[in-house]
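With the hints as a guide, bring both chains together as one complex.
Just so you know, the protein sequences line up as chains U and W, in that order.
Every letter in the first sequence is one number past the one before it in our numbering, and letter 7, counting from 1, is 7.
Every letter in the second sequence is one number past the one before it in our numbering, and letter 39, counting from 1, is 39.
Just so you know, the hints here were simulated from the structure itself, not pulled from any lab data.
Idealized CB from N, CA, C, for every residue including glycine.
Some clues are possibly wrong.
Examples of chain W residues toward chain U, derived with CB under 8 Å [as the list claims (entries may be wrong)]:
1) S22
2) T24
3) V28
4) S68
5) L166
6) Y169
Here are the in silico distance ranges between beta carbons for each label pair [to be verified]:
7) U/Q64 to W/E90: 14 to 24 Å
8) U/G35 to W/F12: 20 to 30 Å
9) U/G35 to W/T168: 44 to 54 Å
10) U/F75 to W/A72: 49 to 59 Å
11) U/A93 to W/L166: 47 to 57 Å
12) W/H10 to U/R92: 53 to 63 Å
13) W/L166 to U/A79: 24 to 34 Å
14) W/L166 to U/A13: 16 to 26 Å
15) U/R92 to W/M35: 19 to 29 Å
Stretch by stretch, here's where chain U covers chain W in the computed footprint (C-beta under 8 Å, at least three residues) [stated by the list, open to error]:
16) 35-42
17) 81-95
18) 103-109
19) 153-164
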Amino acid sequence: MNSERIVSVRTYAVVWVSLLILTVTTTGIAFIDLGGWNGFVAVTIGIVKALLVILYFMHIRFSQRLTWVFAGAGFFWLAILLGLTMSDTLTRAPVPPPTVATQVGVQPR
Amino acid sequence: MSEANLALAHQFDDPEQQLDASTTGMWVFLATEVMFFGGMFLGYTAYRLAYPEAFADASNLLDVWLGSINTAVLICSSFTMALAVHSAAEGRRQKIILFLILTMILGAIFLGIKFYEYYHKYEEHLIPGENFTYAGPSPRQAEIFLSFYFAMTGMHAFHMIIGFGLQTYLVIEAWRDRFSAAYHTPVELIGLYWHFVDIVWIFLFPLLYLVGRHL
Chain U
1 MNSERIVSVR TYAVVWVSLL ILTVTTTGIA FIDLGGWNGF VAVTIGIVKA
51 LLVILYFMHI RFSQRLTWVF AGAGFFWLAI LLGLTMSDTL TRAPVPPPTV
101 ATQVGVQPR
Chain W
1 MSEANLALAH QFDDPEQQLD ASTTGMWVFL ATEVMFFGGM FLGYTAYRLA
51 YPEAFADASN LLDVWLGSIN TAVLICSSFT MALAVHSAAE GRRQKIILFL
101 ILTMILGAIF LGIKFYEYYH KYEEHLIPGE NFTYAGPSPR QAEIFLSFYF
151 AMTGMHAFHM IIGFGLQTYL VIEAWRDRFS AAYHTPVELI GLYWHFVDIV
201 WIFLFPLLYL VGRHL
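For reference, chain W alone in the conformation it holds in the complex (with noise of 0.2 Å):
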């Protein structure tokens, strides 16, 4: 697998081009994930834009610390990928692993913290649907608001899930030895789908936490 791995496809001229065509073809399915993000900011913004006053009271249900230190924590984690993939470049099998099991440990502090969240959102009966209470003055336009907030936040999640299994086939692969500096792609194209989770969440933060604070 691992000799398999080093050599090059025929269609290809040398191991440069071959790993800038999947990089390329990387970017392409990034292109569609923009896209299907793009969609729900796209609501998001038509109805913050109907609804402002009560968008800006519904965000003030969202803890801003919780939020701020989640963002702290998904950054801290896109520098131990890129440091990753770093290590992969220059082929050190140790520290690729050291790297990977350190974004697992903060992607996963992220996903307690966001449990916790929706844990509280849940207690607080602030889920859409039958048992949404809201004390506020609009209450329907609020849960407009967390629907945008659970659909947007759960997307983004779920995407952090699958980044973690990508992650942990990349610690087994790495332990069997199969990157080096010449042949570590999966390292490279998966480091490229965890940033751009990170990307998401980058304008999630303001535009669900920060904007109850002032219009």
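Isolated chain U, as found in the complex (with noise of 0.2 Å):
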């Protein structure tokens, strides 16, 4: 057994004590008005939650170059997924509302 696997309980205290500190605090921001920057910051915080529970929970900091291939595969792949979509609903002009023609199927001049 590799003796670098395992991670100390005081490191998985600290994780643990950063995510209810974490926790706290996004749910204390969404009671600010940031002025539209809310959805950010609260996505951010869950970025960094994440990776907490990722790097040390799931021990990927302390696992084999390949697993990091294979962690990462799934968000990269995520990402052009979000992405992609994305850069079309962003983009898009806004769509008039239909006329009385198009409503009862006649052809608009």
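Following this line, the structure appears as structure tokens:
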């Protein structure tokens, strides 16, 4: 058994307390108006929490590089999924409401 | 069985390589899970960008306090799961069982609070469908938000119930003294699964419960 794999209880406890503090922080910040940045801050704190769980609780920090590749692959493809879809939905021009002509099936002139 | 577990499968050089192979395989499975939940997160994001006000209004129907308590409960259960894996790596049988049971109790508290929330939504006619009633300005769009809420938290709860079953299996196997410092791969892999389920909730909580406070 590789001794490097065994993360100390102390490390787990520090990560656990950090995650609880970040949970309180994200809930608290949600009640403060950041002028449109609330969503961004909430997701950023979420990413930090997820990284703490992945690196320490899931031992990725102490894993071999091949495991990094597989762990990264899922999130890499998720980034493609979100990135390409958002490049469409965020750049669409607003669609005008249907006119009376199109509603009754008459071709607009 | 215990002897067979300890034995090294012939295709591996040493136990460490065997554990690395199992861990990598588990991460391949988790990558498919990232894609599975990713589809729902994508749908949520697209509709939230389309109807930001309606999603914020509908989000206020959810109880932030129950949501944040549940987040804390789930983080604690991830911590006890990490300690169970740690105990397994040290070959301490009683501690594995203790921490697994603690994890399951915390998981049960989470599901209990979730059930209580669902029941309230049912009583308030907020389940999308025939009886959906909503007093706010855009009921159809609020219904879309609640559909995402039930689909995403429902799939998450379903994963937790599966995790519960897997942990029951681990408790029984640990009770039978099947794990040792040399062989505890199932504890390690089910631990990875449980932490993944925790990560899903880490994103569900702000996206579903907190968007309503401020856009």
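Which hints from the list above does the structure break, by number from lowest to highest? Violated hints: 1, 5, 6, 8, 10, 18 and 19; rest satisfied.
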